[in-house]
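Add chain B to chain A, keeping to what the hints say.
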Amino acid sequence: QQQVKQSPQSLIVQKGGISIINCAYENTAFDYFPWYQQFPGKGPALLIAIRPDVSEKKEGRFTISFNKSAKQFSLHIMDSQPGDSATYFCAALGGTSYGKLTFGQGTILTVHP
Amino acid sequence: DTAVSQTPKYLVTQMGNDKSIKCEQNLGHDTMYWYKQDSKKFLKIMFSYNNKELIINETVPNRFSPKSPDKAHLNLHINSLELGDSAVYFCASSPPLAGSRDTQYFGPGTRLTVL
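Keeping their order, the protein sequence lines are chains A and B.
Per my numbering: the first sequence ends with 188, consecutive numbering throughout.
Per my numbering: the second sequence ends with 133, consecutive numbering throughout.
It cannot be assumed that every hint is accurate.
Cross-link-like lysine-lysine pairs, in silico, BS3-like; alpha carbons within 25 angstroms at most [to be verified]: (1) B:Lys58 / A:Lys175; (2) A:Lys175 / B:Lys85; (3) B:Lys89 / A:Lys175.
Derived from the structure by calculation, the hints contain no laboratory data.
Isolated chain A (complex conformation) (with noise of 0.2 angstroms):
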């Protein structure tokens, strides 16, 4: 059972482009919604974060959308770089999960120059 699901699966953008990566969830405790980035041959680390009183947040070019009553939530690059080539997963966490992070299946993301 995929309680998190993130598409697409793979992603081709143009440097200065926007990038958009989707995720849609079951549970309706969840509570707190990461990004992470993981680059080849590294752990992944976290991006930008929310929780569901707000709609969005903005960090730098990643924006985070985030819709309750349609239980969606979306990740947006904006000016698009090499390097954010990467693979992005979406999480989600609350209730008593104990701190147990549920991913998407992660989304690679290529910036061409």
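Frame of chain A, contents of chain B only:
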């Protein structure tokens, strides 16, 4: 000054062997985790320890046994290794669970290959 470190980074072994992966964090966190990332890059939690106490034990075969000698260390011992155990194993840590919404910091991973 690495926050979460794992050893070894690579581990190649034969089926049936027993192996251990070590994890240490110097962030002062109380909670540590083991995640498995399969060949399709899917990340799934295996175990979580809070202050040396096991709090999450997903449906993982009994051949996997975590051990936490102190709050800063969480080791993973695997008995009778099978081909399907080949994966990248990540250790992570986070601040105390009171908030249960804090950032988890991941180690660099251990790539296990079972031949």
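Against the structure, the hints:
1. B:Lys58 / A:Lys175: 20 angstroms, holds
2. A:Lys175 / B:Lys85: 18 angstroms, holds
3. B:Lys89 / A:Lys175: 18 angstroms, holds
Consistency with the previously given hints is maintained throughout, with no hint failing.
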